[in-house]
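Participant: Spelled out, the chains give:
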Amino acid sequence: MSTEISRRTFIKGATAAGVALAAGTYFTWNGHNIPEPVKHGDVTYDVLVIGSGGAGMRAALAAAENKDLKVAVMTKLVPTRSASTMAQGGMNGVTGVTDPQDTVESHVFDTVKGGDYLCDQDAVEYFAEHAGKNIYEMDYMGYPYNRQEDGSFHQRKMGGSSHPRAAYFEDRAGHAMVHALFEKCLEQNIDFISECQMLEISMDGDKLNGVVAMDMRSGNLVGVAAKTVIIATGGYGRVYWIRTSNPYSSTGDGIVAGMNIGIPFKDPEMVQFHPTGLAANGVLLSESSRAEGALLINGQGERFMGKYAPEKLELATRDIVARGIATEIAEGRGVGEGIHAGVYLDFRHIPGERIDERLGQVRDLSRRFAGVDIKTEMVLISPTCHYSMGGLEMADFRTGASRVPGVFVAGECSCVSVHGANRLGANSLSEVLVFGHTAGDGAAAYAKDHAYEGNQEKLAQACAKWQDKFNEVTNRPKSAGKTVPEIRDAMVNTMWYKAGVFREENQLQEAAMELSALEKEYEHCYVGDKSHVYNTAFEQYVELGNLLQVSHSIVQGAIARKESRGGHSRRDYPKRDDVNFLKHTLIFKKDGQYVTEYKDVVITKYQPQERKY
Amino acid sequence: MDATLRIQRFVEGKSWVQEYTVAVTVGMTILEALTTIKEKQDPTLSFTCSCRSSICGACAVRVNGNAELACEILVENLLKRYDTNTLFIEPLGNFRVIRDLIVDWDPKYAKLKKIKPVLQPKAEFSAETGCKQSPEDFNKYKKYAGCILCGSCVSECNKNTLNQDDFLDPFVFVKAEKLVADSRSRSPEEHLQAVQDAGLWRCFNCQECTAKCPKGLDPAGAIEKLKEATFRMGLSQDVGGKHAKAIYDDISESGMLDESKLNIKSEGFFMAGLRLPMALRLMNTGKMNPLESHPVNPEIATIRKVVQTAEKEAK
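From first to last, the protein sequence lines are chains A and B.
With our numbering, letter number 199 in the first sequence gets 199, and the count goes up by one each step, no holes.
With our numbering, letter number 143 in the second sequence gets 143, and the count goes up by one each step, no holes.
Hints may contain errors.
[Stated by the list, open to error] Derived CB-CB ranges, DEER-like:
| id | chain 1 | residue 1 | chain 2 | residue 2 | range |
| --- | --- | --- | --- | --- | --- |
| 1 | A | GLU504 | B | LYS114 | 31 to 41 Å |
| 2 | A | LYS520 | B | THR84 | 39 to 49 Å |
| 3 | A | ALA517 | B | GLN18 | 27 to 37 Å |
| 4 | B | GLY216 | A | HIS349 | 41 to 51 Å |
| 5 | A | GLU170 | B | THR129 | 19 to 29 Å |
| 6 | B | CYS206 | A | SER479 | 52 to 62 Å |
| 7 | B | THR25 | A | ARG476 | 26 to 36 Å |
| 8 | B | ARG202 | A | SER479 | 55 to 65 Å |
| 9 | A | GLU65 | B | GLN237 | 29 to 39 Å |
| 10 | A | HIS349 | B | ASP83 | 19 to 29 Å |
[Claimed, not checked] According to the in silico footprint, chain B covers these stretches of chain A (three or more CB under 8 Å from chain B):
| id | stretch |
| --- | --- |
| 11 | 78-86 |
| 12 | 109-116 |
| 13 | 570-582 |
The hints are simulated quantities; they were obtained by calculation from the structure and are not laboratory data.
Ideal placement from N, C-alpha and C gives every residue a C-beta, glycine not left out.
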């Protein structure tokens, strides 16, 4: 045996020693995930943004342009882990650099038509007017745009757009955006309150006290006083758990916090399902699969899209294809059982070189997660929840304000309404930029004109209440009840089968009852981790509570909307009904009950027409 | 098939290795295995994750001593690679551990701030009209825009293991090269100077970062490009830079290293003087003889051609 120690072995040993030392010093070391004054409760922010995705960081940068204002971004992870990073296609905005024929009117019309006329057209006009401007701003901020020969960023055409108007970085448009914004935030020394799970927005009557959050690292409850709060916490695709392309963090935390202080959840039933998620885990196989000619085949070996879209077949719009697949599975012509059932996506007739050239990622994902090489075998797919059009009502799209004074909303957690009943590709990143910017400006203006009127004692009381709750919840014995994942799986079964791609009255009513029962079980569920340090089991408990409330709202909205429009498809009301439902659903949470109200859609130029592609 | 996962636990100051058994299914990633354990066996096991499609960077961990993105690496493939039924999972190396597999990113962001990590566009550009850049110039830095801040590159970085205080993380160099190579920038030297001051020339060139980057970004290559840029932009005052220059001069002039002068050229007379004991040892073993005149490699013509060709290629 050699007595010599190789350099590598030596270094590994040294590393082990280093890790041991680091472990030993951990408790004397002071984390900087939270600015020091926040820990001691002696700071009042002018603008406190919840969420570090595209909307949150864009809002923070806009607000921080006023150097007199104190601005912070709170996030439950660390920045750059958000759903925004997953956006692939690009950001729409009319600039005319690639296609001089493009116009703002065209962007407005495409968006309104795509949204099945449930968009507020004045908001869409504002959105389209500002979207191009935001693309230029990002260029100046260092966004790595793919370029065209004249040196401008290049714009490509996305589904449902009449002109090429999506600027992008490769197939990682969102990732590049988030990192550009984050780097700018570092440069601007924006305060980050990282690894803090927001639990509650605390109010004293109609005065905003601030935000209650759990510092994940210490388990301490922190009350952050703020004159304004911008909720930018993203969507809620995780109500369908593995049947979503969304990250684990998309649990609707901000929507629930907003609802609990009186902001209505607008159009919660409007969920977009993408037709081709891997049956195994919901991960998205890109739209380009169908564009390159992949066929959809059911369990009986039959190419079935002819039944649902005789002309366009596999190339019909997302909602039509998703409904076709869901029908095949529901009627017993799918493959596999339960939530993993699907139909086949067949690439075998596509030349191998073309697959290598254009579908590399699709092939890679299929091989990795389904164990299938698409060149020789078919891959099992089924619809996956992709985007939440609904969200907290934005009362004024020129400021991002909600109906609660001092509270603003932006991004996927909000409902402007720009996307109406169905979002177009590459409109989400632009929405995030336009309304992130707007909300940042709006909150800054509000903070400048208002003194802090909240009650810090009430904020401290809210923290104490959550501290008690933490202690009670985490100390429950195993015999207390079902585990958090067990309740979650039951919730997902309810949501996927009874409030998923298709809905109908009886099933929705059953879903509401099942959710009420689950909410009861949730009250005494088993969490199983008592530690104060980074208790992700408790965090998941909090997220499940939020998902249950979001689920219940989706079901209420779906019951209220007795028509089919965009992402909302009722078997018992298969037609769009502009006479009765050209209006938004508003779901309020009042005294533990879900209350439904309606609000008319704003129409300026475009009267509803039948939506044909 | 069952796999045994031995997981490095660390909770409130206590550390231990805990063993779990999971049934391996088709397409099961390390992240899925961890999730299954947390949901079915042990709710106290802690880790972070978000997108589960290898773009958010939240889930990197160390498996059998090598950094991996938990959401994209299959248990089955790892078992094959290591020809085993047991995998050892730890938090990333060169990070402070907060709990179990969760590590502390704060010091990393502080390092990122050191390089002034944002583009300062040229005067002819504006926020209203954006910037201009040719597709060729875009190609020069686009690879480096793909960093997802997962931390895999630094996990096995030998220089960071030795001392983190006088060096940066490999991903910080990647971010820096992105800025330095971006033709929209009016001040690439500013980032470059910051990188040089923060330890550019201290890289061991061990290539662990390049081997571990799940996005194939080649951080070690970025470090080399930054070093080149210090010459191009006339910033080579650093010892590392002078050392490289001295080697270059020796090779082009004589085709052989002149050990007796190399150190003096790199560090200057005074600092080199402090290395006298090493010089004596070198003389003792015959590796260096300051009294002999420096020989010229008989193949000098060929060597010069090689140098010239390499220089042409680099341009």
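Participant: Indicate, hint by hint, whether the structure satisfies it.
Facilitator: Going through the hints against the structure:
Checked against the hint of 31 to 41 Å, the C-beta distance between GLU504(A) and LYS114(B) comes to roughly 59 Å, which is inconsistent with it. Range check, LYS520(A) to THR84(B): about 46 Å between beta-carbon atoms, so the 39 to 49 Å window is met. A hinted range of 27 to 37 Å holds for the C-beta pair ALA517(A) and GLN18(B), which are about 35 Å apart. Taking the beta carbon of each, GLY216(B) and HIS349(A) are about 31 Å apart, not inside 41 to 51 Å as hinted.
The hinted window of 19 to 29 Å between GLU170(A) and THR129(B) holds, with their beta carbons roughly 24 Å apart. Range check, CYS206(B) to SER479(A): about 53 Å between beta-carbon atoms, so the 52 to 62 Å window is met. The hinted window of 26 to 36 Å between THR25(B) and ARG476(A) holds, with their beta carbons roughly 31 Å apart. Evaluation of the 55 to 65 Å hint for ARG202(B) and SER479(A) yields a pass: the beta carbon distance comes to about 57 Å.
Against the hinted window of 29 to 39 Å, the Cβ-Cβ separation of GLU65(A) and GLN237(B) comes to about 37 Å, which satisfies the hint. For HIS349(A) and ASP83(B), the hinted distance range of 19 to 29 Å is not satisfied, since their beta carbons lie about 38 Å from each other. Check result for the stretch 78-86 of chain A against chain B: holds, 7 residues qualifying (beta carbon to beta carbon below 8 Å, three or more required). Under the rule that three or more residues need a Cβ within less than 8 Å of chain B, the assignment of the stretch 109-116 of chain A is violated, with 0 such residues.
For the stretch 570-582 of chain A, the assignment as covered by chain B is violated, since 0 residues bring a beta-carbon within under 8 Å of that chain's beta-carbons and 3 are needed.
Checked against the numbered hints above, the structure violates hints 1, 4, 10, 12, 13; every other hint is satisfied.
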